[in-house]
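Engineer: Here are the chains, one letter per residue:
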Amino acid sequence: MPNYEVALVLRTMSRPELISTLRRTADAIFNKGGIIRKVENLGTRNLPYKMSAHGSVHKQGSYFVFQFICPPSSLHNLEEEYGRDVDIVRRRIFKMETPEEFECTLHEEIKPPAYRKDVQKMIEESKKIDKYKFKYNSGLDYCPFQK
Amino acid sequence: MYVTLLLLPRRLQCIIPHMRETSRSLATLGGGEVWRSTVEPQSELDEEIQKARMKDMPVEDMKNPFEREKAQCILCQYKIVPDYKNVKLLSQFVSPYTGQIYGRHITRLCAAQQARLEKEIFKSQSAGFMPYYFKDVAYVKDPKLFDPDRPIRPHRF
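If you're matching them up, the sequences are chains V and B in order.
Residue numbers for the first sequence follow UniProt numbering, so the first one is 1 and each next one is one higher.
Residue numbers for the second sequence follow UniProt numbering, so the first one is 1 and each next one is one higher.
Because the hints were derived from the structure by calculation, they are not lab data.
Here's a subset of chain B near chain V, in silico, CB distances under 10 Å, partners left out:
id : residue
1  : 75
2  : 104
3  : 109
4  : 110
5  : 126
6  : 134
Cut-off 30 Å, straight-line C-alpha distance, at most; resulting in silico cross-link-like pairs (DSSO-like, lysine-lysine):
id : chain 1 : residue 1 : chain 2 : residue 2
7  : V       : 95        : B       : 85
8  : V       : 111       : B       : 70
9  : V       : 121       : B       : 70
10 : V       : 38        : B       : 85
11 : V       : 50        : B       : 85
12 : B       : 85        : V       : 32
13 : V       : 59        : B       : 119
14 : B       : 119       : V       : 117
15 : B       : 79        : V       : 38
16 : B       : 144       : V       : 50
17 : B       : 79        : V       : 117
18 : B       : 141       : V       : 59
19 : B       : 123       : V       : 95
20 : B       : 88        : V       : 50
21 : V       : 121       : B       : 119
22 : V       : 131       : V       : 117
23 : V       : 111       : B       : 119
24 : B       : 123       : B       : 141
25 : B       : 141       : V       : 50
26 : V       : 95        : B       : 79
27 : B       : 144       : B       : 85
28 : B       : 144       : V       : 111
29 : V       : 59        : B       : 85
30 : B       : 119       : V       : 95
31 : B       : 63        : V       : 117
32 : V       : 32        : V       : 95
33 : B       : 123       : V       : 59
34 : V       : 38        : B       : 123
35 : B       : 88        : V       : 95
Note that CB positions come from ideal geometry on N, CA and C, so glycine has one too.
Whenever a hint applies, use it, and build me the whole structure from the sequences.
Structural biologist: Dropping the structure here:
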């Protein structure tokens, strides 16, 4: 089962309310056969933009991040369940991927266009295209008329 | 021809090849052709001189000492992986006036890192961590990683 991460924005609530909401969201994952690996509290702060959810506009919210393992088939149900929760302003589930390693190609990219490999390839390809050339069909290897 | 040669001053006569006496042969060294003296060593001193000369010959298969270091983008250099929760980092690549993500010609990132960065910024904005239309006020005075007015390529903005 792959690792997922859900970013939650909860509406501003009193502490006991917040605890019950978090317990509800966590239980939703457990009920789907998932395991929670980590819970992070990113604090309560002003939202970067107004968010309207469940008929009210929110300007403040508490941020929480859950890292969990879950069967992919239950992901849709989980998202839908969070969507129905009145206390959750916004939820996004992302797959956690280990960042793939790669070589920096900046030194290639800052070369002048004529030295860049992708540009050279484009020039090669443009040469390959057969352009239409008018055929006289006169059987002569020269043009008998004035051009 | 003979007359003209006689008329030439002495220095010029030396330059004309068939007039000069040569005791040198062509040898190949390090891929290129090198003129080398073929005088047989007669004494120990001569041998030593020959050895000393060989030391001064160009070294074979040597790395180019003037080769420049490969340029790296700032994220590759410090091995930073952009994350959607790290709004402070992502905000540095966004215009404070419009919230637009600066292009590769301004940020000076490699193609792969720029793609990764843009993906994370979209994720962050969608999850409600980062504003769409401006830079978060708390991060406006952060140190600048690049100057948007001096792009690598000219742009239409």
